[in-house]
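As given, the protein sequences belong to chains X and B, one line each in that order. Note that the numbering used here numbers the first sequence so that position 242 is 224, with each residue one more than the last. Note that the numbering used here numbers the second sequence so that position 133 is 123, with each residue one more than the last.
Don't read these hints as lab results, they were simulated from the structure. Since the structure is predicted, the reported quantities are computational estimates derived from the model, not experimental observations. Please note that a few of the clues may not be correct.
[Unchecked claim] Here are the simulated lysine to aspartate or glutamate pairs, EDC-like style, with alpha carbons at most 16 Å apart: (1) Lys417(B) to Asp380(B); (2) Lys414(B) to Asp392(B); (3) Lys35(B) to Glu16(B); (4) Lys50(X) to Glu350(B); (5) Lys280(X) to Glu309(B); (6) Lys384(B) to Glu351(B); (7) Lys50(X) to Asp7(B); (8) Lys170(B) to Asp198(B); (9) Lys343(B) to Glu309(B).
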Amino acid sequence: MSLILSSAPHIRTHNTTTRLMGNVLIALAPCVAAGVYFFGLRAALVLAVSTASAVLAEFVWQKLAHQKVRISDLSAAVTGLLIGLIVSPTVPWWTVMIGSFFAIIVVKQLFGGVGDNFLNPALAARAVLLASWPTRLTSHPAVGFSADAVSAATPLASMKGISLNDLLLGHVGGAIGETCKIAILVGLAYLLITRTISWRIPVFTVASAFLFNLVVSGSLNDSLTCILSGGLLFGAVFMATDYATSPMQSYAQMIYSVLIGIITVVIRKWGVYPEGVTYAILIANIVAPLLDRFIPQKIYGVIGKKKEVKA
Amino acid sequence: MKGTFRGGVHPSHKSKDPTKGVKTREYVSDTVKIIMNMNIGAPAKPCVKKGDQVRVGQVIGEAQGFMSVPVHASVSGTVLAVEPIPYLTEAPSMAITIQNDFKDEWVELHPLGDVEHVDPKLVIPAIQNAGICGMGGACFPTHVKLSLKPDQKCDTIIVNGAECETHLTADHRLMLENSKRIVDGLRAVMRALDVKNGVIAIEDNKADAIAAMKEASFGRQGVTVKSLRTKYPQGGEKQLIEAITGRQVPSGGLPIQVNVVVLNVGTCAAIADAIIDGKPLISRITTITGCVRNPSNLRLRIGTLVEDLIGECGGFSEEAGKIVFGGAMTGLPIPNTAVPIAKATNGVVVYNKHDGASVEEGPCIRCGKCVSVCPIGLNPFQIKAAADADDLEKCKALHVMDCILCGSCSFDCPSRRWLTASFKNAKQKITLQAKKAAAAQQGGTAK
């Protein structure tokens, strides 16, 4: 009789990479539903194109590079879906496609694939699209009309006169997945219950943006609008929590989140862009590895000794 | 307040269900194979030869120095062989095979009497002579742990009844069935070291054991029972000390540096047997579970072969893929069923082909779960990268030597990475390197 000799532990958690990514997809379902409800079939088309082209890009790259094809881990699907959810429903399908290709091939695969990218692929793609076709990406349709009919300015640029209630329900213009805050909160609850993400990053991001906005504006209403408008909540829940590009240690995660909150408000208040979440998270992504490295860990039984790690 | 520690994981404890409510039964096999290097430290030296008649409790392997304990015959009968056999270690182990005559004839015993009245000076020598080593898994010679240097002080003895590992219920059953002996063993050690505070620590998923131990320790001087939050690795020595006393053992140090000694419940019961009855350690409770027809806790003689104890449990219920000594988180797989159990074998768990199959490693997705579950506070993903690159210096800088190999990081990794295995490997390499360096230096000074 030959017995298997493999090292301990002999049991593993039920959570696999596929399952965690699947959890993210499920958590995004309410946002997808809200987006399609508010913006119509046009939104569904954008989401389908973005997701399919991300998976396709990953498949083709891994085939050509003679790597093991890992599209079944669903990470490419998550990236693709996220790209679709953070663009306007009026965006032409080929723009979304370029975004997905860029995210998967340039941002993710060229840096080593899943886990090795240092920027959030979906946000990096959005930044590139924003720089290339600024008007296409930010002209948002007014809700309730057929998608192409009326293009309003981005909601943050014309915030006046919109009630907090409308913001919460998503009865405003904006990117497909970002408008309905209730849907995002339902997704957050699912991610927390399934322990896919920890509460730290979303809570600290939103809280720090709120508090910083309160300090600079002195208005409670303005601060509530700040956290309920634009992509802040969506970014805090689905983007800032990206595994590969956020810090791993709890203190580093807190600083990273506060950084996102503050930079977002700074860009919104004083920058030329009406929306700052994308850049805030991308900047924090770059800082994340430094935070992990320089914030000393508390190791059991190691007292007063500084962590000395040479790169 | 319940004691606990940071990090850790929650593997399912359903694996304990088949055996936890079943009374322990005794099983004695036809032959036993008793290995000589059960304890950490020097192996014992065989002092019987083929054809000799031996009695139960007779010394058949003599201790070799201070870091060693004697080995006793666990059955009476005839010595069939004294030869090396393949074991879990890399090198074969010397083993003595005894044919049981089922007469159960004991050697003359020298009981020391009641633990509350025994001369405290006699306790530690009696523990060594009884061949007692840590029965929780490490098998460190107990008398060594208890022999304090002049500058060392002990103020608390913790009895480890956490049993945080999966599958195992041997300690649980012992606490229910032999509670008084555990308290007796603790008291003997408390008196030997003149310690006022003895704590029996049990995870809160074993309410019946907590109740039994509370009852048994009622009226016993300085003995308390403390419940711990159920979380793995609560029974890890360092985690247990922190949960009970709030102290942290210094990196690279021993519990005695924070004035604590930790003993397993089984070890305590064995100490009581050695003092009260004068009996050496010749049997223990082992949980036999997994893919066997009749999962059980058996009181086994040391040296019982796995094939015999599986037979006693009704045989395999499915084709066996992997057999592990110990729980699922830290257990050691055995190469075949001709291997005997030793003093520290707390469980024999049979996995089928599917559950026993080795898992394929995926790429790290940097989810950080390994960081958040590490009870020591290490960065397992970083150490793994250094270990894979064979960069031992970086492993050391990342504190791989503080890793307790609990397996929590590997358990929780969604990419199924072999984190713990690579740390074990790196630790072994670093230890070997240090030994070589020390030897080279000694050679240098000799010249």
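Right, here's what the structure says about each hint:
1. Proposed proximity of Lys417(B) and Asp380(B) is supported: the alpha carbons are some 11 Å apart, at most 16 Å.
2. As the CA atoms of Lys414(B) and Asp392(B) are separated by approximately 11 Å, the hinted pair is consistent with the 16 Å bound.
3. A C-alpha spacing of about 29 Å is found between Lys35(B) and Glu16(B), which places the hinted pair above 16 Å, so the restraint is violated.
4. A threshold of 16 Å between alpha carbons decides the hint, and for Lys50(X) with Glu350(B) the separation of about 13 Å falls inside it, so the pair holds.
5. Under the criterion of a C-alpha separation no larger than 16 Å, the hint pairing Lys280(X) with Glu309(B) is inconsistent with the structure, at around 45 Å.
6. Taking the CA atoms of Lys384(B) and Glu351(B), the gap is near 22 Å; set against the 16 Å cutoff, the hint is violated.
7. Between Lys50(X) and Asp7(B) the alpha-carbon distance is near 40 Å, which puts this suggested pair outside the 16 Å criterion.
8. Between Lys170(B) and Asp198(B), the direct Cα distance comes to roughly 14 Å. Compliance with the 16 Å bound is thereby established for this hinted pair.
9. With a C-alpha separation of about 7 Å, the suggested pair Lys343(B) and Glu309(B) falls inside the 16 Å cut-off, and the hint holds.
Hints 3, 5, 6, 7 from the list above are not met by this structure, while the remaining hints are.
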